[in-house]
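There are 2 protein chains.
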Amino acid sequence: MQPPRGTRDFGPDEMAARRALEERLRSVFRAYNYREVQTPTFEDLELFLAKSGPGIREEIYDFKDKSDRELALRPELTAPVMRYYFSTLKMQPKPIRLFYFGPCFRYDRPQAGRYREFWQMGCELIGDDTPEAHAELVRLALDLFEAAGLEDYHLRLGHLSILRALLEDLGFPVAEQAPLMRLIDKKELDGLRKALSVKAQGAKLDAFMRVFDYTRLEELHDVARTGRAKEAYDHLARVFGNLAAFGVDASKVRVDPTIARGLEYYAGLVFELDAPFLGAEKQLLGGGAYDLSGVFQQPPVACVGFALGFDRTLVALEKKGVKAGGEDVVDAYVAALDADARPALLRAVHELRRLGHRIELESGAVALKKALQRATTVRARLAVFAGAKETQRGVVTVKNLANGDQSELATTGLVPGLDAAIRAAARSGPR
Amino acid sequence: MQPPRGTRDFGPDEMAARRALEERLRSVFRAYNYREVQTPTFEDLELFLAKSGPGIREEIYDFKDKSDRELALRPELTAPVMRYYFSTLKMQPKPIRLFYFGPCFRYDRPQAGRYREFWQMGCELIGDDTPEAHAELVRLALDLFEAAGLEDYHLRLGHLSILRALLEDLGFPVAEQAPLMRLIDKKELDGLRKALSVKAQGAKLDAFMRVFDYTRLEELHDVARTGRAKEAYDHLARVFGNLAAFGVDASKVRVDPTIARGLEYYAGLVFELDAPFLGAEKQLLGGGAYDLSGVFQQPPVACVGFALGFDRTLVALEKKGVKAGGEDVVDAYVAALDADARPALLRAVHELRRLGHRIELESGAVALKKALQRATTVRARLAVFAGAKETQRGVVTVKNLANGDQSELATTGLVPGLDAAIRAAARSGPR
Chain P
0 MQPPRGTRDF GPDEMAARRA LEERLRSVFR AYNYREVQTP TFEDLELFLA KSGPGIREEI
60 YDFKDKSDRE LALRPELTAP VMRYYFSTLK MQPKPIRLFY FGPCFRYDRP QAGRYREFWQ
120 MGCELIGDDT PEAHAELVRL ALDLFEAAGL EDYHLRLGHL SILRALLEDL GFPVAEQAPL
180 MRLIDKKELD GLRKALSVKA QGAKLDAFMR VFDYTRLEEL HDVARTGRAK EAYDHLARVF
240 GNLAAFGVDA SKVRVDPTIA RGLEYYAGLV FELDAPFLGA EKQLLGGGAY DLSGVFQQPP
300 VACVGFALGF DRTLVALEKK GVKAGGEDVV DAYVAALDAD ARPALLRAVH ELRRLGHRIE
360 LESGAVALKK ALQRATTVRA RLAVFAGAKE TQRGVVTVKN LANGDQSELA TTGLVPGLDA
420 AIRAAARSGP R
Chain A
0 MQPPRGTRDF GPDEMAARRA LEERLRSVFR AYNYREVQTP TFEDLELFLA KSGPGIREEI
60 YDFKDKSDRE LALRPELTAP VMRYYFSTLK MQPKPIRLFY FGPCFRYDRP QAGRYREFWQ
120 MGCELIGDDT PEAHAELVRL ALDLFEAAGL EDYHLRLGHL SILRALLEDL GFPVAEQAPL
180 MRLIDKKELD GLRKALSVKA QGAKLDAFMR VFDYTRLEEL HDVARTGRAK EAYDHLARVF
240 GNLAAFGVDA SKVRVDPTIA RGLEYYAGLV FELDAPFLGA EKQLLGGGAY DLSGVFQQPP
300 VACVGFALGF DRTLVALEKK GVKAGGEDVV DAYVAALDAD ARPALLRAVH ELRRLGHRIE
360 LESGAVALKK ALQRATTVRA RLAVFAGAKE TQRGVVTVKN LANGDQSELA TTGLVPGLDA
420 AIRAAARSGP R
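First to last, the sequence lines map onto chains P and A.
Numbering of the first sequence is given in numbering that gives the first Met the number 0, commencing with residue 0 and proceeding in unit increments.
Numbering of the second sequence is given in numbering that gives the first Met the number 0, commencing with residue 0 and proceeding in unit increments.
Excised from the complex, chain P in its bound form (with noise of 0.2 angstroms):
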């Protein structure tokens, strides 16, 4: 009776505030002018592989389908987006905006905030390269965070040239950077160092490590003097001065040079966003800018695009007490204390419904005691009942459950008088 390994179901208080936060988030990108698309739960297997080589076959979920298709469950949603882009969209004027949110899969070992199947929200900008549209794209990231309602983050910003230009000034050539990248990525700093000194030593080195240090562009201007680490640096240069015509809080974003990101197709801008209190799971959204075209076999295209982790952001938002929003208040539960009320009730229940209010009915002719206890259990603002006194006097009776007020209002009218009471209870009460 448990769901599959890795594998989560999610109740109503947690679904609540899923949908709460998705609602906010999507009101984000919508700001932007991002428009959502959604592409199919599996793939051809052989998009995964096109695009993050055969090794990957290891981490997902693949099987043949009952024709002997080669499919997987979609550990990402980048190359979806990009296969969906290419096959319909490429016609379009750029820059062409796209978000998407949905389910993603991993076959991984299930571990503390991990899971085989988890959420992502993510968008990709395609088209524009220039600093101020990477800006842009920086200053989206940052107000998602800022809509759910989360402080205690901080965003990195590197460029994979400068790095690339660090590692050949040291004697390592782009075509011997990828196990180097790879140490970068994990932090792994004692094996970097040893891998590195087969060919730079000394003070070089060192110099080199001191990099991993490094938060603000300042530090960075003496080691990209040239070429293409030069160029890189004025790019971010020219984000950070966007960032803050854009009035980003400086505190939020620093620089990181040594951001490598695991994926090969990543080039140019890149980066994170961690919430640091969450320890090593602390990494809530991820990007950069990448060219996807050669998997598609198509022309080059500039995109940039991050996607936020959605479970590990809830985790996150728990863990600060922060409401996504989405409680669920019962706003009246309403008993027919026997059948001849129940006529009346109906009629008005079905009117409150349409006006937007939330309504638990009961089914059943039942006695008060046991009508306050379920309005009780339910969570209700207000209780409503009528039983054979109130129906001959043509009224009912309404309790607010919060401050224990009770009162009565005729059935003539009764939607009215209902609508004006909940909104009173809403306002007024704790539930």
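Keep in mind that a hint or two might mislead.
Which copy is meant is left open, so a pair is good if it fits within one copy or across any two.
[Stated by the list, open to error] Below, computed lysine-lysine pairings styled on DSS-like, alpha-carbon distance capped at 25 angstroms:
| # | residue 1 | residue 2 |
| --- | --- | --- |
| 1 | K318 | K251 |
| 2 | K93 | K368 |
| 3 | K186 | K198 |
Hints are computed from structural coordinates only; laboratory data are not their basis.
A quick note: this is a predicted structure, and the numbers were derived from the prediction, not measured.
Fit chain A to the supplied structure of chain P, relying on the hints for placement.
Relative to the frame of chain P, chain A by itself:
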């Protein structure tokens, strides 16, 4: 570059419509105090075998994971939701009202309107099988389509005890009814008549076959006069009585004693909702009373629920020209025609987005003509731009793209000015 066979990509316009419909339907479930739950995209294969028998395997995506676990992409959501109920909620006070929304999967020959990945929204009411509760569930089903904006539909209500009693009268005990129920479910009336004629002929068989034309409760009265058939008739009569009290339009609900439902676990009330103008794929919703406790070796619990075909409902709305809302309107397109104009515009754009406005920001310094082209392309209400001339004078130009009106706003007070201009354009504009 195409999605896997039988699956679809949803572009921005489709997604806007889908999310708008999703949210409308969700609001209705919430008004009835149903609470959303979410289960994994795949389950242990055993769950669906236990519920539907070994034959289901031919119709679903089943696969082994890397530890040889037998898994299956869920073909429906009632079994997973009931698994969740028995594992987690069974001790909570009843009734319990749950709803869900998500993709389901079937391995099926793709055909018009039938996909291998499709979306279902549905609900389960656990622990209440009174006619009053059943009526409220039917009222909820009807409200979903009212909220969606569909008008041309009707719901058919039946009760399996009546159908089974009629078959017993013809000489077929329950143990022999399965093949007959399948013929009835598919409305293969010639085949049914032939199968029945082994034991029943003449006037008796004719009388049974006439039941297929019944649409009113009164027509059933004489064929359901004793035993469980009579109880079922009385149950249906009370459901109809409650529907009337709920203000249900009588033309929207009819009796159909020949609903068999394909699924053997149904018992008691059954119902289906059709949009007749859709032809063969007309059924938009189906449901009924059931008890899945046996699948989980648990004590019996009365359940009733339904599932709504989300994709097909969208097709119905589209055929009828009903907009589910969610049109993508860009409130303003904002361009700095030179770099000096940019900082003031960036600050304003950020504030306007926080106010909920949807703003597309041009990343580069562009010519006026190109800016106006882009504003038209993205269907913006307003184009907002400033160049050297405007910057010197401390203003920006605002052009209403619906009527061509052009005016200037001071950069001091730009946010309230643009906020007001956007609101005015939204009120008057056709976009």
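Same-copy or cross-copy closeness of K186 to K198 [CA-CA at most 25 angstroms]:
Within one copy, since 20 angstroms is at most 25 angstroms while 79 angstroms is not.
Evaluate K93 and K368 at a C-alpha cut-off of 25 angstroms and name the case that applies: within, between, both or neither.
between (65 angstroms within a copy, 16 angstroms between copies)
Pop the pair K318 and K251 into one bin, within, between, both or neither, using alpha-carbon distances up to 25 angstroms.
within (19 angstroms within a copy, 50 angstroms between copies)
Checked against the numbered hints given earlier, the structure satisfies every one of them.
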